[in-house]
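Using the sequences provided together with the hints, build the complete structure.
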Amino acid sequence: MKVWQKPGFWLPLVIVLVWGGAVLLIHQDTMRESAFVLLMAVGLASSLNILLGYTGYVSFGHIVFFGLGGYTGFYLLSEQGWPLFASAIGGGLLSAFIAGLVGLAVLRLRGAYFALATIGINEAARAFVSNFEPYGGATGMFVNFSAYQKYGGPGPALWTTFTFLWITTMVVLVASYLVKHSRFGLGLLAIREDEDAAMVMGVKAPKAKTITYVISAFFPGVIGTLYFFKNGNIEPGDAFQLHMSIEMLVMVMLGGMGTVMGPLVGAVGYQWLRGYLLTSPIFKDLHLAVAGAMLLVIILFVPAGLVGWVRNHVQRLQKVLE
Amino acid sequence: MALLQVNDIASGYEGVQILWGVNLKLEPGKLTTLVGSNGVGKTTLLKTVMGLMAPINGSVFFQGEDVTNLSAHARANAGMVLVPEGRQLFTEMTIYENLEMGAFSHRARANFKQNLDKVYELFPRLKERTRQKAGTLSGGEQQMVAVGRGLMAEPEVLMLDELSLGLSPLLALTLFEALTRLKKTGLTMLLVEQNVTMALAVSDYAYVLAEGKVHLEGPARELSKNDEVRRTYLGI
Amino acid sequence: MLDQLISSLTDGLLLGFVYGVAAMGLTLIWGVMSVINLAHGPVIAMGMFGTYLLFTHLGVNPYLAMVPVAGAGLIAGLVIYVIAVHRVINAPHLSSLLATFAVNMIIIGVGTAVFSTSPQNINYSLGSVEVGFLTFPASRLVGAFGAILVTACLYLFLYFTRAGKAIRAVANNRMAAELMGIPSSRVLALSFGLGTMMAAVAGGLIATFFPFTVLSGGPYELKSFVICVLGGLGHPLGALVGGLMLGGLEGLIPTFMPVSWVPVVEFGLFVLVLLVRPSGLFGAK
Amino acid sequence: MKRFGVGFVFVIALSFIVASLSAPPGATAAAKTVKPAAAAAAKTVTIGFTASKTGKFNVEATRQINGLHLWMEQVNGAGGIKLADGTVIKVADKFYDDESKKERVQELYTKLINTDKADFLISPYSSGLTDASAVIAQQYNRIMITAGAASDSTYKKGYTLVYQSYTPASRYLTGAVDILLKLAPKAKKIAIIHENDKFATDVVKALKIYAEKKGLNVALFEGYDSGTADFAPFINKIPADVDAIMGGGHFADTTTLARQLYEKKINTKMIALLVAPPEPKFAELGDACISVVGSSQWEPLAHFTKESAAKEGITWFGPTGEEFINAYKAKYKEDPSYHSAGGYVAGMILQDAIMKAGSTDTAKVKAALDAMNIMTFYGQLKFATGPKDHGLQLGHDMVYIQWQKDKQGKAMKQVVWPLAGATASAFVCPAR
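Residue numbers (our numbering), protein chains in the order written: chain C, 1 to 322; chain A, 323 to 558; chain L, 559 to 843; chain Z, 844 to 1275.
These are calculated hints, taken from the structure and not from any lab test. Only a predicted model underlies this, so the values are computations on that prediction, with no experimental measurement involved. Any given hint might turn out to be false.
[Unchecked claim] Cross-link-like lysine-lysine pairs, in silico, BS3-like; alpha carbons within 25 Å at most: (1) A:K347 - L:K723; (2) Z:K944 - C:K284; (3) A:K449 - L:K723; (4) Z:K960 - C:K284; (5) C:K284 - Z:K1248; (6) L:K723 - A:K455; (7) Z:K999 - C:K284; (8) C:K150 - Z:K999.
In structure tokens, the structure reads:
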């Protein structure tokens, strides 16, 4: 069967296609804003999953690529006057480049040591950017409002950004599926199960891990540029939030790591829950605590995540949910 | 009545069953040997008996009581003591502290002083270096600490997994001598050994494990004359 | 220049002792059960608020308040272990990391609901100490002494009590400990409790000289990571040394470059040490 | 199989669409203000904003909201704003807690505009949060009056609908240099320690230029992160013979800085800090607050009267200073600070513009704001209208206070600059 004939391939894709298309058709600002937040979460969680789910390496500071890419894209856009599309790709490429540089070194570390190193990299990057004058130092950068005129005023500019994000998210999902179902992906799974054994069997682990790291770093860079363009400004504190990084992990876990569908379900589920708790009169003050309790229950009792659980329990859906 | 009785134990790791119904009895005061080729499940059996692994099926009775559902440390407190394969010392702690940890259970603590003297008498070399870190000792000394630590627990039954593995013949001999001295004190022991000749020489009774089951059993002297055993394990 | 260097270094080192205590809790837990406790920061904040509440509402001297705060920290640790950690103790690292992070969210969430995220302050001054050209608040000196005291107590406990030795035995070889009749689960719970107790005490000490919010534990948690790696993960005394190193760096760096470069150097060094010597600068195993 | 799959997709996609409809901004929970038909004689306009009910801006933001609420109460109590065509406008508000964090501000303002149908916006407290919200206001074509947002940079981004009620940051501490030179004409060296955020950075950049122009040497110029609790590394870098220490940021961090300067027994002729000193709560520092100078947007003791307005030929609008203070004290049982006045004035600006425009239409109100030049108890209000700095406050000026001891030895603040409005003369920092 060709790739596009497999339900596991097109299911997540069509969902996002229909969803984003509907938002574009209905053309309503509030809905776009919410969909933007959700799609961004899906894109970030899915790109993290490419590393976490397929190689088992826990990157706690993955948000560093969102921050560095976002900063670079924003710089190209606001200081160098590049168009949005090119800036976003530029941001993504920088993230990928950095990942390639640090990847070879950092990916030698296993388990918790790797997790700690990624936290360190994120904090170091944040502190560095705060001191980096071309990127505006501690107070960051902004786009002059007139920049939106290029895209037909602020309204259309926001819609353009949304459309771009929508497409990016679909590309992430395709990449996620292709990595998982290639020979390359098989090697990654072997690394996840037992890295030493995989090396013995001939998997070139350092190279494979680094390539995966590069792929999973590219998309956050693109998404970062789009997000900060929408926001109109960028500051170190917003770009390198460790908390957001961990939220990405939670989304992947919630949906089921190592699946294509999992991060999609997890990201939407988590954001929806967070939104619900934030606005619910009962849980408003306790939203963080309630979310934490739910996360704990998932970790302790459903470690495979929602999609993983369904896959394990409903035979018929195994082919559909990848 | 047997001191330790293993009934129909089936056990294994995730997805791989190794033991398929093993029966075993240890008579009080006797030294019993378990013989079998590599990977047949000797260590798995000891781990299951000690409660480090949960059996798929079967039960373990100690002093007439069912201990199948007790944790390993509870079995140790009851007097079942295993000197594990690879010694498993507390490498960051001194020899003295290792022995002290051996006497962690309540019943062992009462006779700490006497037992310590006994161990030092059995292995005088340990007494000379009580403050040395266990991780810095030679292999033979480490094995002495391991056996000594097991004795500090005041065992009712002492199980020894691969006592002589990796030791020089001379050191192995020293340890086997220690075993015969312990046997004289009336201690019940279960020995798992790859040096079958030596093991059968000191044992009262022996079991041969093959394909996850007890293949042969009998008094050690008889088994050492058995043709199959001689061919397979004694290399004669 | 020299005056500045010395006074800056003094401040940094005094603070380093307290950093060390915070990191010691983290490193103890890691050493015994290979779990990185991401609820460490919120527990530090709980220590701050515990001291604050006892001082502000009951008028307890903040240093005396540390005794009940330590007790509460121990109990909190036991509870966290039993509920969140025990089930994932043998699972892959991701599970224990996320489980403790879930606890982090719960504590921060409840803390925010109760205290809001507004800054608080313990209004208790011991005045300033002047030695030659050096001037520093007395509370920092007391904090450093407190830190040394806590470290000494931990060492006496680990090396001279039965329970302490059991902790070291479990940390060293959990299976062997179990075989010797040591109830390893209970020892793990106790270690976790001690680790959070150290965090709570560190929080209490910090609260006597800095203002704080519910979220204030976060930076100290990050610093604790750095310290643990400098001193060698799993070595409590290494944590104190690492703490002093970090404090010293924080005193040293500003003498030569803008203060805002401190975190760049700190975390850069952290990643570098992880890569070159994951066992820590002094973690000669 | 295939058909089943197709249905499955649509069910899931549909549920996501529903999710994006109801997610983060939970539309269902929001109270809606229904706009009555245009022809009605009475109309309610909704003023939307976020408030830092928690977090580090809690102290300042609470005062600001108190001021705004007092204004609303007075307007509605007086029967609303009466327009020329007879329409009566009542004001209602809708606000959320932004937790002093920028990440939520944009989401909440989008929600205020689209879901809660806010007609006009007031900024959150602080330049950082305002900067984030201003983009949204401009993107959705809403007028925003900023309060507690002094940073100049916000008004240099090409916005046309954002109006500043505070004196811009660039004029915040320049007066302190004048005070210093008056107190100690031989002063040579100053040290600047500031929060690394938009507002404080804008303040100290202008301060540095001004100080150097006046012949002073800026011996130390360092920024600290917003959450900083330990200022020792900065204080240790202050040269021993410095004549003045200036800077700070917002209330929480600046208060800590002042305390640690005292604990470290730093000797200097003058300490001038941002935001915190004018707050009455600053007195809780005890001895550490004595002699600290602060710049204030407004002080109860400062006088702007109808007479002074007439003298300068500017129209007077709103209550007198006394009326405001009394009303505020009666409602909140505390003295108003300049943050309170700022919140109140933001409302007044909107009120005056709506009255002059005779409408609530965005374009008409904008025109009225562009043309505004009034005098109030808070001082003069006039906005820049050029393309480079539209909305920047031009009319208003700072006053400077210093904490001094009264006869009973109690700490109290006195206006010390400008000299014309001074209630006491400034003194040099005593030796510590």
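Okay, the hints, checked on the actual structure:
no.: 1; hint: A:K347 - L:K723; in the structure: violated, 35 Å
no.: 2; hint: Z:K944 - C:K284; in the structure: holds, 16 Å
no.: 3; hint: A:K449 - L:K723; in the structure: holds, 20 Å
no.: 4; hint: Z:K960 - C:K284; in the structure: holds, 22 Å
no.: 5; hint: C:K284 - Z:K1248; in the structure: violated, 45 Å
no.: 6; hint: L:K723 - A:K455; in the structure: holds, 14 Å
no.: 7; hint: Z:K999 - C:K284; in the structure: violated, 37 Å
no.: 8; hint: C:K150 - Z:K999; in the structure: holds, 19 Å
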